[in-house]
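Chemist: The lines below spell out each chain.
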Amino acid sequence: MASIEFVRVTKSFEKSSVIDNLNLTIEDGKFTVLVGPSGCGKTTLLRMIAGIGPQSSGEVRIGGKDVSRVPPGKRGVAMVFQNYAIYPTMTVRDNIEFGLKNNRVPKAERTRLVETIGATVGLAGYLDRMPSTLSGGQRQRVALARAMVKEPSVFLMDEPLSNLDAKLRAQMRIELIELHKKLGATFVYVTHDQVEAMSMADTIVLMNEGVIQQEAPPEDVYRDPANLFAAQFIGVPPMNVGELGIDGVRFGFRPESADLAVLSGAERELAAAAAGDPIRPGAGAPKPAGADEARYAFRGRIATREMLGAETLYQVRRDGEPGASFMVKCFADRFAVDQEVELEVPADKLFFFDAAGDRIRRDHPAHDAYVAALCSREPAHA
Amino acid sequence: MPSRGWWPLLRPYVMIAPAMAGIGLFVLYPIFYLIKLSFYKYNLMNKAKSKYIGLDNYHQIFTRGDFYQALGNTALYTVGVVVCTMVLSLLAALWLKRKSRWNRIVQAGIFTPHIVSIVSIALLWMWLMEPNQGLLNYLFKLFGLPPSAWLQSSKTALLSVILVSVWQGIGYYTLIIVAALQSIPPTIYEAAALDNASRTNVFFRITLPLLSPQLFFILVIMTIGSFKVFDTVQVMTGGGPNGATSTIVYYIYQFRTTNIGYSAATGVVLMAIIGLLTFLYFRLLARKVHYQ
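Keeping their order, the protein sequence lines are chains R and X.
First residue of the first sequence: 1, per the working numbering; consecutive thereafter.
First residue of the second sequence: 1001, per the working numbering; consecutive thereafter.
Treat the hints as calculated values from the structure; they're not laboratory data.
One thing to keep in mind: the hints can contain errors.
Derived pair list, reagent style BS3-like, types lysine-lysine, alpha-carbon separation capped at 25 Å [what the hints assert, rightly or not]:
1. Lys1097/X <-> Lys15/R
2. Lys1155/X <-> Lys1228/X
3. Lys1036/X <-> Lys1049/X
4. Lys15/R <-> Lys1099/X
5. Lys1288/X <-> Lys101/R
6. Lys1051/X <-> Lys1041/X
Quick list of simulated restraints, FRET-style, between CB atoms [stated by the list, open to error]:
7. Asp128/R <-> Asn1201/X: 18 to 24 Å
8. Phe1282/X <-> Pro71/R: 39 to 45 Å
9. Ser1183/X <-> Lys349/R: 50 to 56 Å
10. Leu183/R <-> Ile1224/X: 52 to 58 Å
11. Arg362/R <-> Asn1201/X: 58 to 64 Å
12. Arg69/R <-> Phe1204/X: 23 to 29 Å
13. Ser16/R <-> Asn1201/X: 33 to 39 Å
14. Glu178/R <-> Leu1276/X: 58 to 64 Å
For each residue, glycine too, the CB sits at the ideal point set by N, CA and C.
Take these sequences, add in the hints, and give me the full structure.
Modeler: What follows is the structure, given as structure tokens:
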């Protein structure tokens, strides 16, 4: 029973406004991730929900009730801070118990809760230790236990994994997903790491400069980005983007959408000849199969190769042409640096963005014209 | 060149020799000389007539009423100064912890007495406390309060000296506590707000324990300093009236020419008292101090 709503919310610090007239609804019981580059206002939103950095104007509602005048401790929310904010002068037990004591929970009940939660997060043997004797991962768990013990309807997390090492972070990601499933509470999670957003979220709220760019499940944000920012923020490596040269439109494709092929000697000669022949037909010509399908083709040299285990990243570049460089992700490791290759992207894997960066979808009247323009380009053209 | 055999063994001692010479000459020698003096009936005019008298000086100290009076005054003075200064500078620091221009001005203001010579401050306060023409009694009369004799009555003299010392010390200690308060991460207070903690709970469970290293330091430093108070007493009262403000150091000073052996013995006793107090502080309080 705790959906969160922002209604025409504005937040300004001193003179600059960080968030202007924002509306957002966070569904009850969902794992929502607020993601964006630093300074985009995601933590500001989180602090408004908690009540520790109230909005300048507008309403924040928790469970349908305006909480603008409710103090942080009475909103039914718990928060895990980036630096954990553990009380350094109290033992682990006192840390977890502090909120319960303030809420006048009877002692027997308190002890029972602390012991169970302590065991749940794997701190059973550490309850009487001081936080300074714990490792980073254990402190993280204290912060988590302190939030869980209050049985809040809303969990707020401000980059809680950013101080952990990579291995522990991956482990904690899975534990948080399981925790959310078990508790069924509303989780609001702030991160600048798109991997965390993709792996944990039910809904991603992607923000930039105080404005929500896209609000959708992770797979939709990935497959159907609303704009150029969303396309380039989500995905490793980010979406390849190039200029179409018409109306300031840009095209893009995911690194794994491209197929790579080595140019054979004959093809290379043909290509060289074609380059000097102005009446040569469209880009499909040097390609033996699948010529009926529209494809974007690009020829270049493999500049770098990154072998990542399951997949390999290639940077295909044509020297001396700025912007003529694309990342390609292959699951087979068949190419070497300095090979001449041709990169092909099927038309249905191409994305188009207008001059303002907004997506031009398939149903847009000019979409097919842009596809045709791009796919009829010379492979040797920038 | 010295051979390889003994030089590595000797090198560390050679390296620390200059510092050790300094400590020996300026710390250990004076202390041992003071202790040696305390066993003598020392004659300043003719050293040859000095006489070893064993523990007689100490025996005399512990049987004389004026020593106990000085000790009592010193203890009262110390308790008064330490308690008042700590409470007031803590309150001032809590008030001044927010960084604003006005707070910086106030902080600079209350720090100013620290850079003024204590003698000037003592003279200024003597003038303010003058019973007939002084500003303080004028203000008392203005608000319908009975005037006080301040330094000129044995009832109020010690209190007046305490007042001046507290007034002079607050700014410095406030500065230390403000710095400590500002180093507490704000997220801890935010976490406490989310834990629904009341203001008193936040103060006693979070702020005070986090300040404990600084408060403990101030407590030890101020106790030692207050036990050795001299300048305010010397300038403002000369130990009077009727020994009401005579402190141990002033007591030592009184015998500087007439009986240097006796005054040396009192100095040794003072050293022992301060050492014992500091030891007690560490034994009783160090466990409650939270070091990060």
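Chemist: The structure should be examined with respect to each hint, and the outcome stated for every one.
Modeler: Structure-based check of all given hints:
| no. | hint | result |
| --- | --- | --- |
| 1 | Lys1097/X <-> Lys15/R | 23 Å, holds |
| 2 | Lys1155/X <-> Lys1228/X | 22 Å, holds |
| 3 | Lys1036/X <-> Lys1049/X | 16 Å, holds |
| 4 | Lys15/R <-> Lys1099/X | 18 Å, holds |
| 5 | Lys1288/X <-> Lys101/R | 21 Å, holds |
| 6 | Lys1051/X <-> Lys1041/X | 5 Å, holds |
| 7 | Asp128/R <-> Asn1201/X: 18 to 24 Å | 21 Å, holds |
| 8 | Phe1282/X <-> Pro71/R: 39 to 45 Å | 41 Å, holds |
| 9 | Ser1183/X <-> Lys349/R: 50 to 56 Å | 54 Å, holds |
| 10 | Leu183/R <-> Ile1224/X: 52 to 58 Å | 55 Å, holds |
| 11 | Arg362/R <-> Asn1201/X: 58 to 64 Å | 60 Å, holds |
| 12 | Arg69/R <-> Phe1204/X: 23 to 29 Å | 27 Å, holds |
| 13 | Ser16/R <-> Asn1201/X: 33 to 39 Å | 35 Å, holds |
| 14 | Glu178/R <-> Leu1276/X: 58 to 64 Å | 59 Å, holds |
In the structure shown, no violation is registered for any of the earlier numbered hints.
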